[in-house]
Amino acid sequence: MSTYNFDYLDELEAEAIHILREVAGQFEKPALLFSGGKDSITLVRLAEKAFRPGKFPFPLVHIDTGHNFQETIDYRDQMIERIGERLIVGSVQESINQGKVVEQKGKNASRNALQTVTLLDTIAKYEFDACIGGARRDEEKARAKERIFSVRDEFGQWDPKRQRPELWNIYNGKIHKGENVRVFPISNWTELDVWNYIRRENIELPSIYFSHEREVITRNGQLMAASPFLNMDDEDIVFRKQVRFRTVGDMSCTAAVESEAILIDDIITEISASKISERGARMDDKVSEAAMEDRKKGGYF
Amino acid sequence: MNILKFFTAGSVDDGKSTLIGRLLYDTDSILADQLEALQSSNRKNDDGTIDLAILTDGLRAEREQGITIDVAYKYFQTDKRKFIIADTPGHIQYTRNMVTGASTANLAIILIDARNGVVEQTIRHSYLVSLLGIKHIVVCINKMDMVDYSQDVYNSIIEKYKVLAQQLKLVDVNYIPVSALKGDNIVQNSERMDWYEGESLLHFLEKVDTDSLEKSTLARMPVQWVIRPQTEALHDYRGYAGRVLSGTFNLNDKVTVLPSGASSIVEKIEFFDQTPDAAHAGQSVIIHLKDDVDISRGDTIVNASALPQESKLIEADLCWMDGRALDTSITYLIQHNSKVTKCKISEILHKVDINTLEKHSAEEFKLNDIGRVIVKTADALAFDLYDDNRANGSAILVDSRTNLTVGALMFRAAVE
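Residue numbers (this note's numbering), protein chains in the order written: chain A, -12 to 288; chain B, 42 to 457.
Simulated from the structure, these hints should not be mistaken for laboratory data. Treat each hint with caution, since some may be false.
Unchecked claim - When the alpha-carbon atoms are kept at most 20 Å apart in a straight line, the in silico SDA-like pairs for lysine to any residue are as follows: (1) Lys164/A x Thr443/B; (2) Lys201/B x Ser191/B; (3) Lys148/A x Asp440/B; (4) Lys295/B x Glu351/B; (5) Lys36/A x Phe313/B; (6) Lys176/B x Asn215/B; (7) Lys121/B x Gln229/B; (8) Lys148/A x Asn409/B; (9) Lys42/A x Gln315/B; (10) Lys248/B x Lys164/A; (11) Lys161/A x Lys46/B; (12) Lys385/B x Ala403/B; (13) Lys228/A x Gly208/A; (14) Lys42/A x Asp277/B; (15) Lys248/B x Tyr(-5)/A; (16) Lys353/B x Ile389/B; (17) Lys42/A x Arg279/B; (18) Lys353/B x Glu388/B; (19) Lys42/A x Phe313/B; (20) Lys256/B x Ser346/B; (21) Lys46/B x Tyr(-5)/A; (22) Lys36/A x Ile389/B; (23) Lys42/A x Ser337/B; (24) Lys42/A x Phe312/B; (25) Lys256/B x Tyr(-5)/A.
Here chain B stands alone, though its shape is the one from the complex (with noise of 0.2 Å):
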C-alpha cells in the first residue's frame, strides 16, 4: 500500500468541500463525534441532509465566511491505498495557496460546475497545475444532477477542456460526471449516468500508478546533517544523512559532492541498524564515502555519470506570495532543499495572465502574480529543470526582513 497525495482545484460554488466531504463520508473515514458535531451544527443543504463541506472547513473564520482560506489537510485510507488531499480555495486572490497545495501532490482534481462548463477559473487552475508540473489531472464535470445527468452536456465540456489541456500540453487528463451533493459516480458508479463507462472517483484514484511519470533517474541527495558522533569507539565515523530526492544510490557508485566537484564512492549506506546496498528516492539514509572530502549542509551528493547543472543565473517561474510586491532592487534568500544562499531577482522576462494564458511584460510582481524571471544567486545552485526533476527544481525565496517566504521558484533553464 503507497500514498497518492492529491488536490482539489475549484471554487466554493463548484462543490469542492463537498467533494471532498462525500469522498470521507462515503469511504466511512468520519468518525462518530465529528459526525455528531456535524449534525449538531446548524448547516444543512436544502433537503436536510448534512452539509458535507463543513467536514473540511476548518477555521472559525472560515466557517462564518463560508469560505475555504488556507490549505487545509484530510486523510482517508481504503484497503488499496492511503490518500492525503490537500484542500485548497479557487479564489484568485488564494492562488497561493494553490500553488503551495499543488507543490506536494501527484495529482489534480479539477472541478467544473456541468451548468457553466469551461469557464475562466478553470483555465486559472489548468494553468497553475500545468505550472507545478502535475501529470495526472481528473477533470470532475460536478453537479450533473442539476443538468439531468445530461450525456450531451458531459461530453461538450470535455471537448472544450481537451482543447485547453493539449494547449497547456497536459499529460494524463482522465473525466468523470459526478455529482459530490447525490454522490454519483464518486465511490459506486452511478446508476443514473448509464452512459458513463468509466471508473467511479474513489475506484481511479486508487489504481493511478503515478511513479512511472514522475520519477527522476537522475540520483541527487542533498545533505542535511553530518554525523560525527566522535565518541572512542566511533572516532572516524562520518556519515552524510539526507533524503534521496530522486534516483538511486547503489554502493561503490562514483559520486560527485556538488558544489565543491569532488569526487568519491559510496562506501556504505546506512539505515539505523541497517545497511542496505542501495537508497532510494523517497528514502532518508546515512550515505559513506571512500574518501575523506570536505562536505557539510547544504551541499549534494548527485551520481557522477548524471550531473546536474551549475549556475548562478537561472530562468525560473516564479509566483509571488506576500502581500509586499517583489523588490528588484533588493537581496532575498533562495532556500534550495537544505541550501540557502543570497539572490536578486535580476529580470522580469514576462508576466502571465492567468485567465487568458496571456503573456506580457512588467515592471511590478505582486502578491499572486505569476511570470517568468531571471534570478541570480551569490552562490551557484546545483539544479536540474523542474520539468525533468521536481525535487531538485524548486525553490523558496524568503524575504530576511520578515523572514516570510514570499515565492515559488520552479526552474526553467541555466543562463549561459
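The shape of chain A in the complex, shown without the other chains (with noise of 0.2 Å):
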C-alpha cells in the first residue's frame, strides 16, 4: 500500500467537503449561513473545495443584525464579488420595523436574541430546507451533544432528547415539509483547528480579528467596543485600547480582548497560550449555566 501525507487538518477537510457535498445531494433548497466570522468564512473555502469549478448549489444567506462591525460587512461584499455567488440579507431592523421583535432595553440590550426571528423568517421565506453553519462542538457544552445533521421543526427548535442517532459517516436528511435542518461540517474541528486551517490556507479575515486600537468601555468585566449600538451611559469611561475580537457577533455583545497579535502565527500563539475560551468573549452565554441549551430549543443556530 502506497503511504501518503493526510494529517488532521486534511481529515477534517475531506470530512467538511463530504458533508457540503450530502448536503447537495439530500435537499432542495440549501443555504449557507454566512456570519462574516473566521468559521463561515472557513466554510465558504471549503464549498470552494466541494465544488470548483461548478457553482456553490445554494446561496450565502447572511442575518444582519444592524449592529455589525463596518468591517465585517466590507469584507462580506468584497468577498461575494470574489467568489461570484449568491448573497442574500436578512435584516433584524427590518422585522424590528415590521413590530415582529422589540429592541432590548437597559445596558446590556442586545440584538443577538432578535436575529433568531430573522433567521426563522428567512428560512421560511426562501423554503430553506438546509442550513449550513459553521458551529464547533468544542465551542459550548450543549453543542458538544449535537448532530452534524441536526432537526429542527417548523419552529426552529431543537429538541436534544429526540436527535437522530448519527452513525458511521452516514446522514440521515429525510424531513417533512416545514421541518429543516441545520449542518455543522466543521464539528469536529476547534478553535485552533479553524486557526491552523486558515494559516495554511492563507485565508483573508475581517480586520477586527487582528490587534488594533480602539475605543471600549469596561462592561460586566470585559472590553467592549464604543459604539452608538451599545448603550452607555456617565459611568461608563471610553478610553483606548489595543485589541482585537476572537469572535465576530453584534457590536453590542462580542467583547474584545487585549492583543498585540497582528499577524495569524501571534494569534495561533496567543490562543495556544490563553486561557478564556472563545465562548468566554461572548456575553450572551453568561446568562446562566444552560444558556445555550435554551436558545438552541428557541431556534438559535
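With the hints in hand, could you dock these two chains into one complex?
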C-alpha cells in the first residue's frame, strides 16, 4: 500500500467537504449561513473545495443585525464579489420595523437574541430545507451533543432528547415539510484547528480579528467596543486600547480581548496559551449555566 | 499528526465521565472560563476537589439526573495527536447511543470497576465493541485506589476478561490499571503501582497505530454529486465528486461503475487547484473517467479487479434504535453511503441477549435489540462485508413515516 501524507487538517477538511456534498445531494433548497466570522469564512473555502469549478449549489445567507462591525460588512461584500456567488441578507432592523421583534432595553441590550426571529423568517420566506452553519462542538457543552445533521421543527426548535442517531459517515437528511436541518460541517474542529487551517490555506479575514487600537469601555469585566449600538451612560468611561476580537458577532455583545497579535501566527500562539475559551468572550452565554441549551431549543443557531 | 477517534464504555458508577474529565484536565484542555464554571458549580467530590465529571455532562437534563443521556463529543490534543472522544452512556436503555458513538471510533476504552470486576455490563459493552468492528481495545481497570492498588485484584480481573475477549474474537486488547479520580496511570505513570510496567493511558493512545488493522485496500468511491459547470469554457466538464471510502485510485486504473457495471479508466483526479496522481481512503476528490458513462448520485466507482458484492438480499446484524418496534410488514428506506433505496426486513434470524451472548429466535425487535436479519432491498446494493470494509459494509434504516433513523445495519453476507 502506498503511503501518503494525510494529516489531521486534511482529514477534517475531507470530512467537511463530504458533508457539504451530502447537503447538495440530499436537499432541494439549501443555504449557507454566513456571519462574516472566521468559521463561516472557513466554510466558504470548504465549499469552494467541494464544488469548484462548478457553482455552489446554495446561496449565502447573512442575518444582519444592523449592529455589525463595518469591517465585517466590507469583508462580506468583497468576498461575494470575489467568489461570484449569490448573497441573501435577512435584516433584523426590518424585523424590528415590522414589529415582529422589540429592541431590548437597558445596559446589556443586544440584538443577538432578535436574530433568531429574522433567521426563521428568512428560512420560511425562501423555503430553505437545510442551513449550513459554522458551529463547532468544542464551543459549548450543549453543542458537544448536537448532530452534524440537526433537525429543527417548523419553529426552529432543537430537541436534544429526540436527536437522530448519527452512524458511521451516513447522514440522514430526510425531513417533513416545514422542518429543516441545520448542518455543521466543522463540528469536529476546534478553535485552534480553524486557525491552523486559515493559516495553511492563507485565507483572508476581516481586520477586527487582528490587533488594532479602538475606543472601548469596560462592561461586566469585559472590554466592549464603544459604539452607538451600545447603551452607554455617564458611568461608562471610554478609553483607547490595543485589542482584537476572537469572534465576530453583534457589536453590542461581542467583547474584545487585549492583544498585540497582528499576524495569524501571533493569534495561534495567543490561543495556544490562552485561558479564556472563545465563547467566554460572548456575553450572551453567561446569563445562565444552561443558556445555550435554552437558546438552541428556541431556534438559535 | 493524525486523529484518533475513541469511545468510552462504562456506567456512571465506573467513573467514565471522571476518566474523560481527567484526560482533559491533565492535558490542560480545560479553559479558564470552563474551569471557573466548574468551580462555581456546587458539585464537588467528597474531599472537596472539583468533580471532573461535570465537564462531559452537557445537558441540563443530565445534570439534574446526574447521568449521561446522549453521545457527547470532546476534543483534546497533545503534540503527538488530535483526539476525538465520543462519550457514550452505559445504561442498557441507551445501547443505541453506544452503537452510535462506537460507529465512528477506531478504539474503545472499556472501563471496569476494580471492586466489581467483569460484570454483566462489561460483557454487553465488549459485545458491542466486537459487533461494531472496533479492533483496538483498552480495558481500564478503574478505581484501583479503592482496592489498595492491588496487583492481585488487577491480575484476576484481566484473567477473566481474557476469556471474554477470546469468546468475542477481540483482536488487540490492552490492559491498564488506573484511578481516574486520583489520576493514576492516566497521563503519568503512577508511583503507587510500581508493579505495572506498561504505559499510561495517554501515552498508549498517543502511539497506537490504528491504520494497519483497519484500512481496507478495496478501492471504493460512492458518487455524492456530479459537477457540471455547463459554462462555455467548461462545456464538456463532468466530474464525479465523492469521498474515497477505502483503498486507492490511481490515474489510469481500470474501474467499474455500479450498479450499471460500465467500465472505464481514471483519466484525471482533481482536488480544488491540484491534480494528484492518486486519491486515497478518506480524501474528498473529483474523479474524471475516460468514457462518457451515465453516472449519478448513489452510484459507486470501484476498482475493476476487486469488485464488491451485489445483492438485493443481504444477511446483516441489526441494532434497533427506535421506540416503535420493527415491523416486518412495512417498507423502510435503507441508506448505504449515498445510495437510498426501499427495503424490508424479510426475516429475523435470531436475536442476541447481550448480557449472556445467547442467541434465540424472536418475533419482535424493539428499541436496543440486536440480532441477525435478512434485508431485502428494491435496488441491489454494491457492498463489502462489514468485517472486510467497515465503510462499505454498513447502512442505516429510515422509517419513512417519521423520517427517523431506526436501525443500524452491518452486512455479514450476501444471500445466494
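*Within a Cα-Cα threshold of 20 Å, do Lys42/A and Arg279/B meet the stated pairing?*
Between Lys42/A and Arg279/B the Cα gap is close to 13 Å, so the pair holds against 20 Å.
_Hint consistency between Lys176/B and Asn215/B [alpha-carbon to alpha-carbon, up to 20 Å]_ = 11 Å, holds
_Pair hint Lys42/A and Gln315/B, alpha-carbon separation not exceeding 20 Å_ = Holds - the C-alpha atoms of Gln315/B and Lys42/A are around 18 Å apart, at most 20 Å.
*Pairwise hint evaluation, Glu388/B against Lys353/B, where the allowed Cα distance is 20 Å at most*: 14 Å, holds
*Restraint check for Lys42/A with Phe312/B, where alpha carbons must lie at most 20 Å apart*: Satisfied, since the Cα-Cα distance of roughly 15 Å is no more than 20 Å.
*Decide if the proposed pair is consistent with the structure: Lys353/B and Ile389/B, CA atoms, cutoff 20 Å inclusive.*
Holds - the C-alpha atoms of Ile389/B and Lys353/B are around 16 Å apart, at most 20 Å.
_Against the 20 Å threshold, does the CA-CA distance of Lys295/B and Glu351/B hold or violate the hint?_
Roughly 19 Å separates the two Cα atoms, so the pair holds.
*When you check the alpha-carbon spacing of Lys36/A and Phe313/B, does it fall within 20 Å?*
5 Å, holds
*Take a quick look at whether Lys256/B and Tyr(-5)/A sit within 20 Å of each other, Cα to Cα.*
Distance ~17 Å between Lys256/B and Tyr(-5)/A Cα, so the pair holds.
*asked:* For Lys42/A and Phe313/B, compute the direct alpha-carbon distance and say whether it is at most 20 Å.
replied: Answer holds: Lys42/A to Phe313/B is near 13 Å, not above 20 Å.
*Regarding the pair Lys228/A and Gly208/A, is the alpha-carbon distance no greater than 20 Å?*
With a Cα-Cα distance of about 15 Å, the restraint between Lys228/A and Gly208/A holds, given a limit of 20 Å.
*For the pair we were handed, Lys121/B and Gln229/B, check the Cα-Cα distance against 20 Å.*
16 Å, holds
In terms of the numbered hints stated before, the structure departs from hints 10, 11 and 22, listed from lowest to highest.
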